[in-house]
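J.: Sequence:
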Amino acid sequence: MPFSKVDFRPGINREGTAYSNEGGWFDCNLIRFRDGRVEKFGGWQKLTDSTYLGTARALHNWISLGGNKYLGVGTHLKYYIKDGTAYADVTPTRKTTTNAATFAATNGSSTVTVTDASHGAVNGDFVTFSSAVSLGGNVTATVLNQEYQIDLVTDSNTYTITAKDTSGSTVTANSSDSGNGGSSTDAVYQINTGLDVYVQSTGWGVGTWGSSGWGSATALGGNNQLRLWTHDNFGENLIINTRGGGIYRWVENNGTGTRAVELSNVSGANLVPTVGLQVLTSEVDRHLIVLGADAISGTTRTGSVDPMLVAFSDQENELEFEPLITNTAGSVRLSSGSSIVGGVKSRQEIIIFTDTSVYSMQFVGSPLTFSINLINERSGLIGPKAAITSATGVYFMSYGNFYIYNGTVQELPCSVHNYVFGDLNQGQAFKIQAFTNNEHNEVGWFYPSASSTEIDRYVIYNTEQKVWYYGQLVRTVWLDSGVESFPQATDGGVLYQHEVGFDDDGTAMTNVFVESSDFDIGDGDRFNQISSIIPDVKFLEDANAGSLNVVTKVRNFPGDTLTTESTNEISSNTQKVNLRARGRQAVVRFESNDDATSNGNLSIGWRLGDTRMDVKTDGRR
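Quick note on our numbering: the sequence shown kicks off at 7 and runs consecutively.
No wet-lab data here; the hints were simulated from the structure. Any given hint could be a false lead.
[To be verified] Lysine to aspartate or glutamate pairs mimicking EDC-like chemistry, simulated, CA-CA at most 16 angstroms apart: (1) Lys582 <-> Asp616; (2) Lys582 <-> Asp542; (3) Lys52 <-> Glu490; (4) Lys11 <-> Glu470; (5) Lys52 <-> Asp616; (6) Lys11 <-> Asp542.
All chains, please: the whole structure from these sequences, using the hints.
T.: Here's what the structure looks like:
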């Protein structure tokens, strides 16, 4: 028989069975579709050897008027601003005690007990000591006068730390360490750290032991929730917020050696919200907007999140929130839903999502300032970071579907719907991160799979080809190209730049594959005999060095387990691959052999063309 072209439909389809999707692709990892063809993902590499503490879930970059490039990085432990290759810790402080902290060490132990009345710290918080004197032995003044992360809060007045030298090595006290550090020790406490895991609602184990009556629930505060930062520029300065917590400002002119300060405490601040769920700046009209702000009560703010309140500042003044006839400050309380989940800026409007609904917020000028209209009541946002704006609209993930807003809210047909939502850890859905990769017309979501408490999967919708694909990749937050030439993403204290080469940070990218659905001859009443394959593969970067495996699998009935009949390596010089594969249904799989010791395929990408097979009928038995 003549050779048959293997021409599968673009995109992955998991909504039916492998057999019902004949003529399509069924499974993949680390590939994309471009112009209907399968190609390997672009690679990634470390942007800098510098690292940060904590799990990052927020990135924001901008360029100052002086041409300085900055990157804000919010983790569950700290907030950093990357300036050049280094991360500057600008985490706000919440409290300073003067001449109050004392220390107690035990011979042979590195644990030091700190006494500081009403310190307000939680486990994992950071504190910096100064003006302490030596305890008399190994625990010197140099050891004490530095930043520490608190190990264990024993009560409201005491906690423990692990003594260390300036290099971070543990220091063990000796018998001479009998002092208390003197009477002049100052302690500067950074804002309480948050969690790197989502805790649903309230209940047992949320609060500190003995903080309330037996069996009673304890309300979640900003420090015992999944730590999510939001941030936006107001001019050159940066406004930052911890979800459910305080609102702060970092001033660019003061440099990265200074910390962000609470916005409501800045000179000239008037009724600035003290807490919120999200901050953002309206671009054209220049208002600072706080979603889930605390309400005004008399001449002050309540200090408690109003989950449906939208507050906005006076135009061009982020410090003025008192609604007056002479300014444009004000607030609106939404009605559809129980809490604002998140918001994104779009063209000439801001899209606000509650847990059940979608609103459009538009600047209209005096006397209302903003018009906020309900545009959908059937699709809430699954997590605060699960919406993103692209060139074609606002894309967002709800509790059971994907949507686009481009004037109206429309459900996106999804060929991997059941696969994604069936493999989603719903308990950690607040971690979901929407992202764009505009160079490749992609909108996607990083999400935690059912077997993981942390993000380890992604799903992508190609807005140009209108197809879906997915894979495995640990990235807790992503920032598209713009200020920088390449997208940036984070994992484990490391910042990567993506779409650089085809490697995994200098090593071969493994487990790259695409696999077809089952195909047969006729209606599968006869056996297929596959005797040869003529590959059509374009190798990128170095066409002479690339190689790829083509795997042929067969089975006789849809319910049978696939059997691998042949695995053959192909390169740019491969003309034909001879094999023997027989079955009623066949599957073809293309996979990188990047982990092969013979080659390694470093810096090699690939793109599939029109592969052909010699397939003929071979009887009924």
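J.: State for each hint whether it applies.
T.: Going through the hints against the structure:
no., hint, verdict
1, Lys582 <-> Asp616, "holds, 13 angstroms"
2, Lys582 <-> Asp542, "holds, 10 angstroms"
3, Lys52 <-> Glu490, "holds, 14 angstroms"
4, Lys11 <-> Glu470, "violated, 25 angstroms"
5, Lys52 <-> Asp616, "violated, 35 angstroms"
6, Lys11 <-> Asp542, "holds, 10 angstroms"
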